[in-house]
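J.: Each chain, letter by letter, is given below.
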Amino acid sequence: MKKSVFLGTVAATTVLASMAMAQEGGATLAQVMERDELNCGVNTGLVGFAAPDANGNWTGFDVAYCRALAAAVLGDPDKVSFVPTTGQTRFTALSSGEVDVLARNSTWTYSRDTDLALDFVGVNYYDGQGFMVSRELGVTSAKELDGATICIQTGTTTELNLADYFRANQMDYTPVNIDSNAEGEQQYMAGACDAYTTDASGLAATRAAFADPESHIILPEIISKEPLGPAVRHGDNNWGDIARWTLNALIAAEEYGVTSRNIEELVRSSTNPEVQRLLGTTDELGAMMGLDAEWARRAILANGNYGEIFAANIGEQTPIGLARGLNAQWTQGGLLYAQPFR
Amino acid sequence: MSDTHAQTVPFVRDTMLPSAAPPIRESGAVRWMRENLFSGPVNTILTLLGLLIVWFLIATFWDWFAHSVWNASSLNECREIITATWGDTARGACFAVIRERWNQYLFGFYPRELYWRPTMTFGLLMVALAPVLFSASLTIRRVVLAITAVVTLWAMVVLGAPVVWLAFAVLVLAGGGYLSERNITWLLPFSALYPLLGVWLLWGGSLWGPIFVLVGPALGWVAWRLLSRVSGLLATVAAILVTLVFWMVLAGDATGDAERMLSLSIESVRSDRFGGFLLSLTIGVAGIALSLPLGIVLALARQSDMFLIKSLSVIFIEFIRGVPLITLLFVASLLLNYFLPPGTSFDIILRVIIMVTIFAAAYMAEVIRGGLAALPKGQYEAADALGLDYWKAQRLIVLPQALKISIPGIVSTFIGMFKDTTLVTFVGLYDPLKSMSDAVRANIEWKGIYWEPFIFVGGIFFLICFGMSRYSMYLERRLQRDHR
Numbered sequence: 001m002k003k004s005v006f007l008g009t010v011a012a013t014t015v016l017a018s019m020a021m022a023q024e025g026g027a028t029l030a031q032v033m034e035r036d037e038l039n040c041g042v043n044t045g046l047v048g049f050a051a052p053d054a055n056g057n058w059t060g061f062d063v064a065y066c067r068a069l070a071a072a073v074l075g076d077p078d079k080v081s082f083v084p085t086t087g088q089t090r091f092t093a094l095s096s097g098e099v100d101v102l103a104r105n106s107t108w109t110y111s112r113d114t115d116l117a118l119d120f121v122g123v124n125y126y127d128g129q130g131f132m133v134s135r136e137l138g139v140t141s142a143k144e145l146d147g148a149t150i151c152i153q154t155g156t157t158t159e160l161n162l163a164d165y166f167r168a169n170q171m172d173y174t175p176v177n178i179d180s181n182a183e184g185e186q187q188y189m190a191g192a193c194d195a196y197t198t199d200a201s202g203l204a205a206t207r208a209a210f211a212d213p214e215s216h217i218i219l220p221e222i223i224s225k226e227p228l229g230p231a232v233r234h235g236d237n238n239w240g241d242i243a244r245w246t247l248n249a250l251i252a253a254e255e256y257g258v259t260s261r262n263i264e265e266l267v268r269s270s271t272n273p274e275v276q277r278l279l280g281t282t283d284e285l286g287a288m289m290g291l292d293a294e295w296a297r298r299a300i301l302a303n304g305n306y307g308e309i310f311a312a313n314i315g316e317q318t319p320i321g322l323a324r325g326l327n328a329q330w331t332q333g334g335l336l337y338a339q340p341f342r
Numbered sequence: 001m002s003d004t005h006a007q008t009v010p011f012v013r014d015t016m017l018p019s020a021a022p023p024i025r026e027s028g029a030v031r032w033m034r035e036n037l038f039s040g041p042v043n044t045i046l047t048l049l050g051l052l053i054v055w056f057l058i059a060t061f062w063d064w065f066a067h068s069v070w071n072a073s074s075l076n077e078c079r080e081i082i083t084a085t086w087g088d089t090a091r092g093a094c095f096a097v098i099r100e101r102w103n104q105y106l107f108g109f110y111p112r113e114l115y116w117r118p119t120m121t122f123g124l125l126m127v128a129l130a131p132v133l134f135s136a137s138l139t140i141r142r143v144v145l146a147i148t149a150v151v152t153l154w155a156m157v158v159l160g161a162p163v164v165w166l167a168f169a170v171l172v173l174a175g176g177g178y179l180s181e182r183n184i185t186w187l188l189p190f191s192a193l194y195p196l197l198g199v200w201l202l203w204g205g206s207l208w209g210p211i212f213v214l215v216g217p218a219l220g221w222v223a224w225r226l227l228s229r230v231s232g233l234l235a236t237v238a239a240i241l242v243t244l245v246f247w248m249v250l251a252g253d254a255t256g257d258a259e260r261m262l263s264l265s266i267e268s269v270r271s272d273r274f275g276g277f278l279l280s281l282t283i284g285v286a287g288i289a290l291s292l293p294l295g296i297v298l299a300l301a302r303q304s305d306m307f308l309i310k311s312l313s314v315i316f317i318e319f320i321r322g323v324p325l326i327t328l329l330f331v332a333s334l335l336l337n338y339f340l341p342p343g344t345s346f347d348i349i350l351r352v353i354i355m356v357t358i359f360a361a362a363y364m365a366e367v368i369r370g371g372l373a374a375l376p377k378g379q380y381e382a383a384d385a386l387g388l389d390y391w392k393a394q395r396l397i398v399l400p401q402a403l404k405i406s407i408p409g410i411v412s413t414f415i416g417m418f419k420d421t422t423l424v425t426f427v428g429l430y431d432p433l434k435s436m437s438d439a440v441r442a443n444i445e446w447k448g449i450y451w452e453p454f455i456f457v458g459g460i461f462f463l464i465c466f467g468m469s470r471y472s473m474y475l476e477r478r479l480q481r482d483h484r
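Residue numbers (full-length UniProt numbering), protein chains in the order written: chain A, 1 to 342; chain B, 1 to 484.
Simulated from the structure, these hints should not be mistaken for laboratory data. Treat the hints with care, as some may be off.
[Said to hold, decoys possible] Taking CB as the label site, the calculated pair distances span:
| no. | chain 1 | residue 1 | chain 2 | residue 2 | range |
| --- | --- | --- | --- | --- | --- |
| 1 | B | Cys465 | A | Ala54 | 49 to 57 Å |
| 2 | A | Gly321 | B | Gly252 | 36 to 44 Å |
| 3 | B | Arg99 | A | Asn262 | 41 to 49 Å |
| 4 | B | Pro324 | A | Glu183 | 42 to 50 Å |
| 5 | B | Glu318 | A | Ala323 | 55 to 63 Å |
| 6 | B | Asp347 | A | Ala54 | 20 to 28 Å |
| 7 | B | Leu196 | A | Asn238 | 42 to 50 Å |
| 8 | A | Glu183 | B | Phe38 | 39 to 47 Å |
| 9 | B | Trp62 | A | Asp212 | 38 to 46 Å |
| 10 | B | Met261 | A | Glu37 | 52 to 60 Å |
| 11 | B | Asp347 | A | Thr154 | 48 to 56 Å |
| 12 | A | Asp212 | B | Gly458 | 24 to 32 Å |
[What the hints assert, rightly or not] Derived, one-sided and incomplete: chain B residues facing chain A with beta-carbon distance under 7 Å:
| no. | residue |
| --- | --- |
| 13 | Gly50 |
| 14 | Arg79 |
| 15 | Phe109 |
| 16 | Glu113 |
| 17 | Pro195 |
| 18 | Leu334 |
| 19 | Tyr338 |
| 20 | Thr422 |
| 21 | Phe426 |
| 22 | Gly428 |
| 23 | Ser435 |
| 24 | Arg441 |
| 25 | Ala442 |
| 26 | Asn443 |
| 27 | Ile444 |
| 28 | Lys447 |
Virtual Cβ for every residue (Gly too), placed ideally from N, Cα, C.
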């Protein structure tokens, strides 16, 4: 009798708690406002995308998005609490409510979008899996890697892509399983594998850090699509809209030539109706999702537009030296295409 | 007979010969080597093999260590310096990363200007531990406290501690030293209060928080005194209830009110700023301090005759020992969030400490149960024959002997638990070994650095674990009661 009462209480509490959570789920914006801080899930450390410096300040491409979102919602790019998440904990951290948004170079895939109940709000970096080999190997194409030993991180989509690619091309390979990027570099440098495979952005950063980058080449083949983007929980569409349009605002700002430097001037003088709507000088776009008119202005001012963020963190002027490639604006032959602000 | 002898032998020595030096093979280093290294064909081969391995290791890694660079701002600069100094093909260690980032390996992201606070906290920890760990020997206590005082004060001055806090540290250290000279048991109240002081110093916030935490049990005691004449059971229940109700309902508001009346705050530091060895030591010390008493209780419960207590204890121990620590950590960091009402923030370090504690306590319980089982039955019977009740028998007869037997096992569990604190990397906390190194490597300046952080962090872990191990050996010698 006592036991059943106890179990009943537990069950009732659980139901109540989950109901409360479902209700609260529709109010991420209100929660963030009340907390006056955005909880942003980031990588525990990935060159160019998210890394704490010697003083514990976070910088990087994904970090910049979090700051822009915080600026749009809370008016201050520093009102972000960065929650480092590992590959294992990232999605649970999001769905359990520990973070409000996950900007952690996560690939947008079918099963993550549906089965894991995430909403990817867009793509902030189009990545793809590539190979790096030593120049001495004399290989110029991934098609010539038949019989090679390949260093590969376990438990990632790259592992499956690699198997698919070699099966499709009827080639053989011997995998050398590694746990982390740092370990992969060690194994590759020690000659434990002929080729190292991971996302092309990671390969570029790895190569840049070698003592002699010139003696290693990144093969031209990109064997998978890895659209990386920020994600939010299913079920709070308004919060999803805010996250999506903050990203769009950064991309559109680059398309319209709005930068952190000329934005104040454009606010006063721009005659382009698209720019006026984006910057909130005409229409009240912000009010439609519960923000003020100047949300996009603040988001752009936080770290600049998409192009500025790219150039500052991973662009060709940085040691990582990534070219825009697929991540150029659609007007420049890339895939970035922000939906119209109307 | 002796007569004949005296006449046939022309000379009889009447003084002793001076003793000659032993043959060279039987003395000094040669003898030691003959006995210990080359005492037979197998040992000779093993010795030569060992020497070969040592030589191989030195030959392989010597140049790497010899070409260490300590002053550089990036891995590439290290490489340039090595190339410039020792030539194109030379390789070398780049310990400059430790020089640049030592603070993060030790303190994580704790605010730089407050580094003196954790330093002082761990200095005072030694004072609090003195009456527990070094109660027997005044000499050891003197040495430990003197070293602690010098190191703590020096570090605090270097790290820029405010004068008020320096004075506080001097006061506590001097007071600890004085009491340790007079009567060490007088320091025990400080040891009992230390957990609250340590938590306050590490996390900051209002001093009223810890004060009101103390008020809870005080009120509980009052309730117990008032009701104990009516009924012992009722009094105990009331005392526990009063304490809990005070903590849950009143303590928070009372802290706020008192803080408004008289502010006793120091800058608060959030849990996500903790990292490196600060995190490891915080979790490790808290886990060690909590798991030992919990383990003792569990071990006694498992030995108990009372069915319910025994089965609960068995279930707890077997369940916790049956799952990996990582599972518990994942439960702490992720699953709990689903069950707690949204908006409740339950500190992640506290959650991890709880999980690590119950994990270590389950192992501790089995280690201590081993000690209890090793005790001859006569000891239990003798305690009964003396007319001692259960708790007195345990406290005076059984546990002192059982714990002494279990010391090596207990310390092994401590050491294992301390090293297991690095597993918090999987729940996104910055342990010194993996997460912190990955974070450092995530900056392009230090990308590609690999062995140097491992060596540095491994060295510190070795020092701490070796210290614990030596202490346990000292304790075993001290507690030795048989005459062998």
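J.: Of the numbered hints stated earlier in the document, which are not met by this structure?
T.: 1, 2, 4, 9, 10, 11, 13, 16, 17 and 20
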